[in-house]
Amino acid sequence: MSTFLYLIRRVLQALAVILIVTVATFCLLHALPGGPARGILGPQATVQQIAQFNHEQSLDRPLPVQYVAYLGRLLHGDLGTSYTLNEPVSQLIQERLPKTLVLTLLSAVVGLLLAIPLGMWQAVRRNKPVDYVITTLSFVAYSTPVYFLGLMLVLVFSHVLPWFPAQAPQGDTLAQVFADPAGLVLPVVAGAASVVAVFSRYMRGATLENLSEDYVRTARAGGSRRGAILRRHVFRNSLTPVVAMLGYYVPVLFGGALVVEQLFNYPGMGLLFWTAAQSSDYPVLLGCVLVISVATVVGTLAADVVQRFIDPRVKEGHA
Amino acid sequence: MTATDTTAAATAGTEPVLRLEDLGVTFSSETGDVPAVRGVSLHVRPGETLALVGESGSGKSTVALASIGLLPDNARASGRALLGSTDLVTDVVTASERDLAALRGRAVSMVFQEPATALDPLTRIGAQIAEVVRNHRQIPAKEAGVLAVDLLRRVGIPDPERRARAFPFELSGGQRQRVVIAMAIANDPELLIADEPTTALDVTVQAEILDLLRRLAVESGTGVLLVTHNMGVVADFADRVAVMLQGRIVETGPVEDVLLRPEHEYTRRLLAAVPRLAVAGSPAVPGASDAAARPGAGSGEEAGQASGQASGQESGEGSGAVAAEVPRPRYGTRARSANPARDSGTDGERVVDLRDVSVVYGRRTGAVRALDGVSLHVRPGETVGLVGESGSGKSTAARVALGLIRPTAGTVTLFGSDLRRTRARARRSLRAGIGVVLQDPVASLDARMTVQECVAEPLRVHRRGMSAKDRQEHVAELLERVRLPRAYAQRAPRELSGGQRQRVSLARALALAPRLLVADEPTSALDVSVQEAVLEVISELQEELGFACLFVSHDLAVVQHFAERVVVMRAGRIEEQGGTMDTLLHPGTDYTRRLLAAVPVPDPVRQRQRRTARQAAAAGTGPAAGTAAGTGATA
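Those sequence lines, one after another, are chains A and B.
If you read the first sequence in full-length UniProt numbering, its first letter stands for residue 1, the second for the next number, and so on.
If you read the second sequence in full-length UniProt numbering, its first letter stands for residue 1, the second for the next number, and so on.
Source of the hints: derived by calculation from the structure; they are not laboratory data.
This structure is a prediction, so every number in the text was calculated from the model and none was measured.
For each residue, glycine too, the CB sits at the ideal point set by N, CA and C.
Warning: the hint list may mix true and false statements.
From the structure, some residues in chain B lie toward chain A, with a derived Cβ separation under 7 Å [as the list claims (entries may be wrong)]:
hint, residue
1, Gly-105
2, Ser-109
3, Met-110
4, Leu-119
5, Arg-137
6, Ile-139
7, Phe-167
8, Phe-169
9, Ser-172
10, Gly-173
Construct the complete structure from the given sequences, taking the supplied hints into account.
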């Protein structure tokens, strides 16, 4: 199949997935008890006031009708207006998303740059002390809640050792964020920890599997040195399954950002989502979920495309 | 080293390129040390081929790996493995990994069994060959790339400039093996180790690869250590043979001596278990050799049969004396010759009947015809052999017969019922009348079940009313039937050998007293002696229980001895079918003739003649001549 047709098919699939996600989120949000009116109008609000708010926001109409109306606005790029912040959701997301992207991408890149060599090193030194130490640290890093890990980082590297600020860079623009790189260190480390833990495990497994492959023996029989075999053959072959996993890891990264942003008071999308969830701000919540699902779908698509690039067999349908 | 060693070939006198002296290899495992090779001494001279033969577990591959220093980490070698002929001799046993890397690919190189996995799937083949070149020569990448193309040309890859940029998955198995060979000869090694180099390939491809290896060895005077279990390959390729049993060499000598006049009792048994392909027009050297290999072989059966007409049709094969050796029934006592009454009857009862069956995967331009207008049937009590090369559709046809694949067109009648017209429930009960034995003895039994549970499973499904006690008794009887002790019921499959596992599969297949047994390559993964035992059990039970058998195999010799009728398949179509003797002794199509000609027979003298005839035929008829011709066939 040509790459073009493949992409078209994948994009159509992606749209279907996103549609299903919006339906699910829409239903779930409206199934929750309470509702936005009480949160926004306060405990003093009368039943009439609440009814009027619900009517203004069309919240008293049947769910399917509401959903179709929402979808119709969505097609015009209208994500609605936040109940609490009185700003269009699209504008809120436009402001916040880049900052979250910076945080998650940095976490992912830093995490992978550590995880891939660590995993390969572990595989080569399998069942040696290095392997055990890294394995143990991985499990610790993976099983520690991000929230706790972040607090520990602040405690050690901000309070005990005053190396980095405890607060992430403030401000609305990316320029302001990059003006304070030291402030990004602890949030990025907190976000990267689980990436290192998870992907060093993947890389270790994939490398071990490849080291026992016949082609490694062939290369050795041809006089290639161990290091060269690792560099030229094992590395690329081990990377393919890891890349495939990366796409599915996007929502986990966003989930991590939710906590990290809250913890370091970083005004990104995670923080936006967090506050919106507390006041049942439906349009904001829906907008955020939409963005995350798009990011996930794009992430898996990108991973698949990269895989087609690395592994020629994928393209031909041989693998 | 034995006395016979010194008589080897014309190369005697030159220093050996490999000398193993009292080589031992021990594997350390959790349960203690396991000696795999003990006291092995042998040598390989330049230009000669030493075949190391033996059954699985005999240690032959371990010797090969020890000779190139590629033993796994949990293995320890002792003794000496001296590599190199004149100026520089290295002891592989004691050499450092660094020194070994400098030797591998230059002084010694290796060709492996499985071409499908031997190459890095993500690197272009030209680059993989160039890598071996550059491991030992300080030349620019571009120059190495040019050399790689030359090497591809030398190993007979068509259009090498373009193919150098191909990835391994774009090549066929045979071509991949050629690439592995190109890597192996890239730096003109003194010693080439070939570990079952053709075992994973079809016979016609096997013949081409052996021709190629022989030509390359002759051209450059490379010594070859050939590891194989296939006596036909040995007869075709080797100058000398070393027979291994349980980690030791039990017999060494020139190929004619070992294969035709074996001295050791084990060698004799091994050779006797090899199913031999009988062919019309084989020049009259046989008889003696066979009798020697298989003492006690019947005398009257060797009746010569005039088959002048048959050989008249054959252009290339044996122009000399024509004497067809009639193969005797090897498995069981039943006469395997085609029963004319059965053969002529067009109607009558048929256990399974495929009529004009096609199986198509995919649609339109991407459609693949796995089967194309296939009609075949099996009558009660009869064995039909389904033969063909990989991808010919023989397994697909068997699966259609089982009702596992719905044909795109055509009808399948099982025990008189049209499978398309039966409901799912009825189809299930029809299937209870079929037993299945598959190729892989490891994968076809659930590792988490005991033998008892494995064999009892069909009873649980189709005989719900049966009490646990009856079931247990029935399983015990089945195990006895396939000649396994009753006590094995409580064992796990992993505690059994490959042959025992196949018998468990057979017991399971027979649990419901089937009317049809479908056996898909049931002995391909087994050693010859084990294969013989398993086929004998099937044969005897067939006589006793009277089931019909659809026997899928790529091994023409086995089919010849086992089946009454044979169906030859090629690319999803039936090439020809008929009585086994008729079809395989006097094939009606070029394809079958080529298939038969490519099978190496375990007799070096006859094999040499067959090879010459095959190569002459190929040179005369096809474009394949380029790879086959000029291979030093007169060696």
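Consistency of the hints with the structure:
Of the supplied interface hints, the one on B/Gly-105 holds, with its beta-carbon coming within about 3 Å of a beta-carbon of chain A, less than 7 Å. For the restraint placing B/Ser-109 at the interface with chain A, the shortest Cβ-Cβ distance is roughly 6 Å, inside the 7 Å limit, so the hint holds. Nearest Cβ of chain A to the Cβ of B/Met-110: about 4 Å, under the 7 Å cut. The hint holds. With a least beta-carbon distance of about 6 Å to chain A, the hint placing B/Leu-119 at the interface is held under the 7 Å criterion.
A distance limit of 7 Å between C-beta atoms decides the matter here; for B/Arg-137 the minimum to chain A is near 11 Å, and the interface restraint is violated. Taking 7 Å as the C-beta contact cut-off toward chain A, the hint placing B/Ile-139 at the interface is violated, the least distance being around 15 Å. Interface hint status for B/Phe-167: upheld, as the beta-carbon distance to the closest one in chain A is roughly 5 Å, under 7 Å. Using the Cβ-Cβ criterion of 7 Å, the hint placing B/Phe-169 at the interface with chain A is satisfied: the shortest such distance is roughly 5 Å.
At a threshold of 7 Å, the smallest CB-CB gap from B/Ser-172 to chain A is about 13 Å, leaving the interface hint violated. The beta carbon of B/Gly-173 is not positioned within 7 Å of any beta carbon in chain A (closest approach about 13 Å), and the interface hint is therefore violated.
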